[in-house]
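Undergrad: Since chain A is already given, all that's left is putting chain B on it; use the hints.
First to last, the protein sequences are chains A and B.
Residue 378 in the working numbering is what sits at position 378 of the first sequence, and the numbering runs on without skipping anything.
Residue 557 in the working numbering is what sits at position 153 of the second sequence, and the numbering runs on without skipping anything.
In short, the hints are calculated from the structure, not lab data.
Worth double-checking, as some hints may not be accurate.
No farther apart than 20 Å at their CA atoms in a straight line, the calculated lysine to aspartate or glutamate pairs in the EDC-like style are these [unchecked claim]:
#1 B/K478 - B/E448
#2 A/K348 - B/E606
#3 A/K15 - B/E694
#4 B/K431 - A/D296
#5 A/K239 - B/E606
#6 B/K599 - A/D74
#7 B/K419 - A/D183
Single-letter residue listing:
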Amino acid sequence: MAEKSNTPMLDELEKGPWPSFVTQIKNEAKNKDECKDLLRLLERSYGEKIGHWKHGGIVGVMGYGGGVIGRYNDLPEEFPKIAHFHTLRVNMPTGWFYTSEALRTVCDIWEKHGSGMTNMHGSTGDIILLGTVTDELEPTFAELTENGFDLGGSGSDMRTPSGCVGPARCEWACYDTLHLTNDLTQTFQDELHRPAFPYKFKFKCAGCPNDCVASIARADMSIIGTWRDEIQIDQAEVKKYVDGGLDIHRDIYANCPTRCVTWDSKTSTLTIDDENCVKCMHCINVMPKALRPGKDRGATILLGAKAPIVEGALLSSVLVPFMKIEPPYQEIKDLVERIWEFWSEHGKNRERVGEIMQRVGLGNFLEEIEVDPIPEMVAHPRENPYVFYEEYYEEGDEDEEEEE
Amino acid sequence: MTERKTDIGPPHYEKFLPPVIKKNYGKWKYHEILKPGVMVHVAESGDKLYTVRAASPRLLGITRIRDFADLADKYCGGHLRFTSRNNVEFLLTEDSRIDELIKDLKALGHPVGGIGNAISNVVHTQGWVHCHSAATDASGVVKSVMDELCHHFTERDVPAKLRIALACCLNMCGAVHCSDIAILGIHRRPPRIEKNLNKLCEIPNVVASCPTAAIRPTIVDGVETVEIDEEKCMFCANCFSVCPALPMADALNDGVSIWVGGKVSNARTEPTFSKLAIPFLPNNPPRWPEVTGAVKNIVEVWVKGARKYERMGEFINRIGWPKFFELTGIEFSKEHIDDYRFAGLSFKRSAQLRH
Numbered sequence: 001m002a003e004k005s006n007t008p009m010l011d012e013l014e015k016g017p018w019p020s021f022v023t024q025i026k027n028e029a030k031n032k033d034e035c036k037d038l039l040r041l042l043e044r045s046y047g048e049k050i051g052h053w054k055h056g057g058i059v060g061v062m063g064y065g066g067g068v069i070g071r072y073n074d075l076p077e078e079f080p081k082i083a084h085f086h087t088l089r090v091n092m093p094t095g096w097f098y099t100s101e102a103l104r105t106v107c108d109i110w111e112k113h114g115s116g117m118t119n120m121h122g123s124t125g126d127i128i129l130l131g132t133v134t135d136e137l138e139p140t141f142a143e144l145t146e147n148g149f150d151l152g153g154s155g156s157d158m159r160t161p162s163g164c165v166g167p168a169r170c171e172w173a174c175y176d177t178l179h180l181t182n183d184l185t186q187t188f189q190d191e192l193h194r195p196a197f198p199y200k201f202k203f204k205c206a207g208c209p210n211d212c213v214a215s216i217a218r219a220d221m222s223i224i225g226t227w228r229d230e231i232q233i234d235q236a237e238v239k240k241y242v243d244g245g246l247d248i249h250r251d252i253y254a255n256c257p258t259r260c261v262t263w264d265s266k267t268s269t270l271t272i273d274d275e276n277c278v279k280c281m282h283c284i285n286v287m288p289k290a291l292r293p294g295k296d297r298g299a300t301i302l303l304g305a306k307a308p309i310v311e312g313a314l315l316s317s318v319l320v321p322f323m324k325i326e327p328p329y330q331e332i333k334d335l336v337e338r339i340w341e342f343w344s345e346h347g348k349n350r351e352r353v354g355e356i357m358q359r360v361g362l363g364n365f366l367e368e369i370e371v372d373p374i375p376e377m378v379a380h381p382r383e384n385p386y387v388f389y390e391e392y393y394e395e396g397d398e399d400e401e402e403e404e
Numbered sequence: 405m406t407e408r409k410t411d412i413g414p415p416h417y418e419k420f421l422p423p424v425i426k427k428n429y430g431k432w433k434y435h436e437i438l439k440p441g442v443m444v445h446v447a448e449s450g451d452k453l454y455t456v457r458a459a460s461p462r463l464l465g466i467t468r469i470r471d472f473a474d475l476a477d478k479y480c481g482g483h484l485r486f487t488s489r490n491n492v493e494f495l496l497t498e499d500s501r502i503d504e505l506i507k508d509l510k511a512l513g514h515p516v517g518g519i520g521n522a523i524s525n526v527v528h529t530q531g532w533v534h535c536h537s538a539a540t541d542a543s544g545v546v547k548s549v550m551d552e553l554c555h556h557f558t559e560r561d562v563p564a565k566l567r568i569a570l571a572c573c574l575n576m577c578g579a580v581h582c583s584d585i586a587i588l589g590i591h592r593r594p595p596r597i598e599k600n601l602n603k604l605c606e607i608p609n610v611v612a613s614c615p616t617a618a619i620r621p622t623i624v625d626g627v628e629t630v631e632i633d634e635e636k637c638m639f640c641a642n643c644f645s646v647c648p649a650l651p652m653a654d655a656l657n658d659g660v661s662i663w664v665g666g667k668v669s670n671a672r673t674e675p676t677f678s679k680l681a682i683p684f685l686p687n688n689p690p691r692w693p694e695v696t697g698a699v700k701n702i703v704e705v706w707v708k709g710a711r712k713y714e715r716m717g718e719f720i721n722r723i724g725w726p727k728f729f730e731l732t733g734i735e736f737s738k739e740h741i742d743d744y745r746f747a748g749l750s751f752k753r754s755a756q757l758r759h
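The shape of chain A in the complex, shown without the other chains (with noise of 0.2 Å):
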C-alpha cells in the first residue's frame, strides 16, 4: 500500500488539464530537503487559510542594496529547512531570451546553492531563484557574475528595466525596445543596484500602442512606440482580406476610434485619414498583412502609473507625445535625470513618482523637469476654476516697469 500522502489538499492541485505548480515543487522536493518543508507549510496554509512567512529582514550581497529579498517562515522549528528562505533577483537576460546553455547554467548554479524553485519570471521581469539560507547569498551571487549574470532591483531603486520582444520577432516595433532596455539597464546599474529613491522607479519598453508588456498600467516611465506619418497600406492584400470575408465597415470602421477609415468597394480602395488617426492600432492588428505602422516612428513617453499603494493606482500619463528613440537616447537619458533629481529631492518617503506628480501639481512638476505645458499631456483643460496664481500685481507695479 502506497505511504500515506502529507499534502492531501495539495495533492488535488496536480489534477487537471493546466499544468501544476505543486508538480514543480514536489519535483524538486526528490533532491531537496527544503522543497518538502515548503510542501508542508503550504499545505498547512491551506488548512488554515493563512500564510506563514515574514517580513523581510536585512540581507543581501555585499555592496548591493537591491536584489535579494529576505523571507523567513513564522514557524521555524517545524519548518527548519525553510526558515530563511531569501529569494534573489537576477535580472534577465532583455527579452527574456535563451539559450539552452545559459538556461542550464542559472540551473546548475541554483541546484549547488538553493532550492531548485524558481519564477520564470517575477512580475517586474526578474529571473527569481526563489529560496535559499543566507550563508549561500555570496557565493550564489559570485558564481552567477563569473557566469555573465548579475541581480536585478528591489526596494526604493530603479527596478530591473523590461521590454517587449520587439524588432527581435515583431513587425511593429517602432522602435528597438531590446536595446534600449538593455541600454538603460546598463547605463543606470548604480541606480538599479543602490536604493536611494523616495521609492521604486520602473521603465518599460513596449514597441507600439499593444504594449506588450503592459508600461502604460506598470511603469513609472512608460516608452511605447508610435509613428506620426501614414499607416503603410497594401491594397492588393487589403482586398484579400476583404474576399475572405472581412467586413470593413463592422470589423475595422465600427471600432476606429476616430473613425478614420474609409472603404471604397467600387474601386477596391482603403483610405486612411491620417491626420485623425491616434495610432491605436486595432486595423494593423486585423489586417497584419495589409497594414503596417508608418515609417517615421519613435515613441510617446508617459509618466506615473503605479499599483495601489500608496494614494491609489495610477495610469501613466503623456509627457512627450513623439520623441525619436535612437541611440545614444541621450534626450530621454536627461529627462530621466530631471526627473529624478526633482523627485529624489522633494519626494517623500515611499512617494511614487506619479504621486509626487500629483501633489505638486502637473504644472509645477513640468516646470521643475523643464518640459513645456501642451494640451496634449490631458484629457481635457481643468473644469475646476480654483486656480493657485503664483503671482499678482500691486498698485504702481506699471509705473515701476515703466521707469525700468
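TA: Leaving out everything else, chain B in the frame of chain A:
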C-alpha cells in the same frame, strides 16, 4: 583570489538570439496565426520563424527548466524565450516538426495556446508560497481557475483577447488593476497591534503611512505604541508594509475580490482600470470553487454577448453596467460604489440610461 565582479548587468540579449532573428532583426514583414498557440513571422527576406507558445505555471523547478532546454536543443537549435505573461515559447525555422514538439510539450503537461483571441496565461504573484502580506494563495487559485478555462487557452473560441491576472494583496505585485478579469486578495480586518511595535517600527513612519490618518501615536502602560481608528481603515495594508508589528492577515476575514473590464492596449479604446464586480469571495482551498465559479460565469457572459474584437470592458461599456450585473446575476452592493478620493467621478452623471 579573483576580483569580485559587480555591476556587470545582464548578459547581452544578442548572445541568445537565434540566427534567423539576428539575420532578420527589425525586418519582419507580417505574421499569421496558423493554429492555436502557433504563429509564423515572415521576414522581408522571405525567412520564416515559427513560434510555439506553451503554458507554464510560472513557479518552475530546475528539473522542468532543463526539460525545456532539452526541447530547445531538440527542435530549435537551443533557442527559446519566455513571454511577459509567463508562457514559454519555442522558436523554429521550419514547420515540419511543430506537431512533434506540441506532442512532447503535452507529454510534459504543458498545453499549447494563448495566441490571438484566446485566454492567455495568468499573471500572478507568490501568495502563500512565499509572501508575507498575502491575503490568499496565488498559484492554487490560478491553477483552479485555469483548469476550468484551459479550453479557452488551447482554442481560439472567444471574441477577443482575455487577460486574467491575480494579485494576493492590494500591493499588486501582479499589477492586476488593468486586466479583463482581476482576482485580488483582500484583507477585511484592521491590523492588530503587537506589543513589541516600538522595538520593530519607527512610530512617526507608521503614523505617516496611513492614507486616511487612522493611526495615531499613543502610550499604553508607559510604552510608546499606536492606536487605530478602525472605522477609518480601508485595509490597504500600507502600515504593515512599513511595520511588521501590525499584521493584517486573518483567516476569518481574508478572501478574494473580482474586478473586470480593464485593459492596457490602446487598440480601439483607451487603456483603463478594472472595476469592482464582486467585493468578496471566501478563501476555500484547495480549489476555491466560489472564485472559479465566479470567473467562469463572467467569462461565459462575455463569450455569449460580446461582439468580435470586443474586450470585456468594451463589452460592458456597450451594454451598460446595470445589464452586466443582470446578466451575471451578481448582486450590486454598497461596496461597489467608490468612497475614496474623487469618488464622485465614478458616479453616473447623466440621464443616459437604458430602461
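Undergrad: Return the numbers of the hints above that this structure violates; sort them in rising order.
TA: 1, 5
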